[in-house]
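Chemist: Sequence:
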Amino acid sequence: MNSIILTHVAASDQGEFILDAALDRLGAWLDVEMGSLEELLEISGCGDAKEDITVLRGLHLEAASTPTDTRRMLKRAQVSLERLTEYVWTISPDAVVDARAPTDLDAWLRWSGARLQDTVVTISRALEC
3 MNSIILTHVA ASDQGEFILD AALDRLGAWL DVEMGSLEEL LEISGCGDAK EDITVLRGLH
63 LEAASTPTDT RRMLKRAQVS LERLTEYVWT ISPDAVVDAR APTDLDAWLR WSGARLQDTV
123 VTISRALEC
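Count along the sequence shown from 1, add 2, and you get the number used in the working numbering.
Don't take every hint at face value.
Simulated crosslink set (DMTMM-like; lysine to aspartate or glutamate; CA at most 25 Å straight-line) [to be verified]:
{"id": "1", "residue 1": "LYS52", "residue 2": "ASP26"}
{"id": "2", "residue 1": "LYS52", "residue 2": "ASP100"}
{"id": "3", "residue 1": "LYS77", "residue 2": "ASP96"}
{"id": "4", "residue 1": "LYS77", "residue 2": "ASP50"}
{"id": "5", "residue 1": "LYS52", "residue 2": "ASP33"}
{"id": "6", "residue 1": "LYS77", "residue 2": "GLU40"}
{"id": "7", "residue 1": "LYS52", "residue 2": "ASP120"}
{"id": "8", "residue 1": "LYS52", "residue 2": "GLU35"}
{"id": "9", "residue 1": "LYS77", "residue 2": "ASP120"}
{"id": "10", "residue 1": "LYS77", "residue 2": "ASP106"}
{"id": "11", "residue 1": "LYS52", "residue 2": "GLU84"}
Derived from the structure by calculation, the hints contain no laboratory data.
Kindly produce the complete structure, drawing on both the sequences and the hints.
Modeler: Now the structure itself:
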């Protein structure tokens, strides 16, 4: 998914907007990319990443959540997303021997890594505000 999220806004008056934008980006990533990432990690033999996937699947905010609650949840997501990014960047396409691996595994790895990194950057910028 290639969505445009305003991430270079002066944060003094826009703190909640930026948190909402990061939350939207995270939600979009979870909806669109999570299944693909799980399959990629399974094919690549990265079983250690399952804990981070579980953390991300368990994220939830109540309707009455405050900006502080949102920050806490985004921080938990950020930690898991950063670890998942590292997993993806360290996978060597040549080392994957699973028969389900597509011939364009390298492109899949680059795409997943880039989407993860985009999401991490958006969350990091929001948490800096």
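Chemist: Each hint should be assessed against the structure and marked as holding or not.
Modeler: Going down the list of hints, with the structure as the test:
For a cut-off of 25 Å, the pair hint linking LYS52 to ASP26 stands: about 23 Å separates their Cα positions. For the proposed pair LYS52 and ASP100, the alpha carbon gap of about 18 Å is at most 25 Å, so the pair holds. For the proposed pair LYS77 and ASP96, the alpha carbon gap of about 33 Å is over 25 Å, so the pair is violated. Proposed proximity of LYS77 and ASP50 is supported: the alpha carbons are some 20 Å apart, at most 25 Å.
Annotation: proposed proximity of LYS52 to ASP33 holds, straight-line Cα distance about 17 Å (limit 25 Å). Distance restraint check for LYS77 and GLU40: the Cα-Cα separation of roughly 21 Å lies within the 25 Å cut-off, and the hinted pair is therefore satisfied. Annotation: proposed proximity of LYS52 to ASP120 holds, straight-line Cα distance about 21 Å (limit 25 Å). A hinted pair counts as satisfied when its Cα atoms are at most 25 Å apart, and LYS52 with GLU35 qualifies at roughly 15 Å.
With a C-alpha separation of about 15 Å, the suggested pair LYS77 and ASP120 falls inside the 25 Å cut-off, and the hint holds. Note on LYS77 and ASP106: the hinted pairing is violated, with a Cα-Cα distance of about 33 Å set against a maximum of 25 Å. The hinted pair formed by LYS52 and GLU84 meets the criterion: a straight-line CA distance of about 14 Å does not exceed 25 Å.
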